[in-house]
Amino acid sequence: MREIVSFTKAEAQPRLSAVLEAQGLPEADALAPRLRRLIDEAMATYAALIEPRAALEDVTADAFAAVLAPLGVSEGDLALGRVYPRAEALALFVATLGEALPERIRRLFAEDSLAEGYMLDSVASVGADLLSDRLAERFEARLAAEGKVGTRALPYSPGYCGWPTAGQRPLFAALQPGEIGVTLNASCLMTPIKSVSGLLVAGAGEVHRFRPDFPFCDDCQTRECSRRLASVLKPH
Amino acid sequence: MDILSRISEALQQGDDPQVAALTAEALESDLAAGDILQNGLVAAMNVVGERFRTREIFLPDVLLAARAMYAGLDRLKPHLASEGVPTRGKIVIGTIKGDLHDIGKNLVGIMLKGAGFDVIDLGHDVAPEAFVDTAVAEAATLIGMSALLTTTMPRMREVVELVKQRGLAGRVRTIVGGAPVNADFARGIGADAYACDAAAAVDRVKVLLGVN
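Sequence lines, in order, name chains D and A.
By numbering that gives the first Met the number 0, the letter at position 16 of the first sequence is numbered 15, and the numbering carries on one by one without gaps.
By numbering that gives the first Met the number 0, the letter at position 100 of the second sequence is numbered 99, and the numbering carries on one by one without gaps.
Treat the hints loosely; a few may be bogus.
Said to hold, decoys possible - To list a few chain A residues with every Cβ distance to chain D over 12 Å, as calculated:
#, residue
1, S4
2, G97
3, T133
4, E137
5, A138
6, K205
What the hints assert, rightly or not - Lysine to any residue pairs mimicking SDA-like chemistry, simulated, CA-CA at most 20 Å apart:
#, chain 1, residue 1, chain 2, residue 2
7, A, K112, D, S112
8, A, K112, D, L107
9, A, K89, A, N181
Claimed, not checked - So, partial list: chain D residues that the calculated Cβ filter (under 10 Å) puts toward chain A:
#, residue
10, G23
11, A27
12, L37
13, A114
14, M118
15, P157
16, T164
17, A185
18, D217
19, T221
Derived by calculation from the structure, the hints in this document are not laboratory data.
Yeah, the Cβ is synthetic: ideal placement off N, Cα and C, and Gly gets one too.
Could you build all of it, start to finish, from the sequences and the hints given here?
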């Protein structure tokens, strides 16, 4: 099944608390008025400029193995390689907030409106990640409607946990997301810049568990995998 | 309150029109541009940096102050050139090839400019050769690299090795940063320093380049 998703602006609007947390800022009530004003303006600009959409397509495990194959890496060397073969369902995705938003961010920085540019960029980064979460929710809901109740979906993206950014190339070749306006440059980076891509992996929460003992785990400071696993092990 | 203290106060408030006006006023009163820069603008940014380090203020506050710093610098630049005031050092920065995450790198650039350094920002997805070629062409003495992805951070090693291969070690220093990067990684690839955030980057750069 292939789907082009047009999100509502409300679906793509991050919560204020998520934006504050991402920036390490205190809770809204404790913010200085000028910071609160900056954030409110950035949230409003974000809402006005986004054109959130996504391409999503189911793949079998064999088809996804073919997406990984050109990279020449052993599946055992990727966190994802330990996860996806156990999944109940898989889907490739690319999602974007559109070009108007990054263009405004570039302009703000070029004009030395540094705080405004930074704030809008921060909101946009949280918003782009939110799109992959929204797609995971949709995927879970569709699977539940098909009788696969209790499956938990998580997005896995090139660039993280051993999946090289070069993995974008075969992913894009398989998904063909041109109709939502996302392209790759020579370094496999996406344009518009506030876009996300990857594989949705759905299954019982435990499907997402893996031992973080890869060489790249030694260098990782975020340990985001633990937070992600915790999010799918707790009940809905 | 003397004019430099008023500049400092306005800068800390992020009041860019006021900083520009006061800087112009200071120049008209025959204060040397170098004096206004060091004892007005840079001194005020040091206070802002310290308040940020102690979490008294937050990053957007620093950025508002930085814009005010730029407003003052714009007024000073022609005078600095005519007075022959040397820059504190020239630095090339960029996000490493294959990585597009540049907000952290942008912040480092803003803070370094705020501290009086001359910054050449190559943007994101920067090839190792571009870092080194630019450092040579611009006579920069430091290269700053950023990465957000564990899959792209190994490319920082290529830059460090290229600096050595071209016989620039010691003359061109390297500093690395970014969410997945740490001091052990920096040591492992032979970089001269690691900075955990933009404020720390300014401190490390000052040490590396031997400026106060």
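How the hints compare with the structure:
| no. | hint | result |
| --- | --- | --- |
| 1 | S4 | 22 Å, holds |
| 2 | G97 | 5 Å, violated |
| 3 | T133 | 18 Å, holds |
| 4 | E137 | 21 Å, holds |
| 5 | A138 | 25 Å, holds |
| 6 | K205 | 21 Å, holds |
| 7 | K112/A <-> S112/D | 15 Å, holds |
| 8 | K112/A <-> L107/D | 17 Å, holds |
| 9 | K89/A <-> N181/A | 24 Å, violated |
| 10 | G23 | 8 Å, holds |
| 11 | A27 | 13 Å, violated |
| 12 | L37 | 6 Å, holds |
| 13 | A114 | 4 Å, holds |
| 14 | M118 | 6 Å, holds |
| 15 | P157 | 8 Å, holds |
| 16 | T164 | 5 Å, holds |
| 17 | A185 | 9 Å, holds |
| 18 | D217 | 9 Å, holds |
| 19 | T221 | 6 Å, holds |
Hints 2, 9 and 11 from the list above are not met by this structure, while the remaining hints are.
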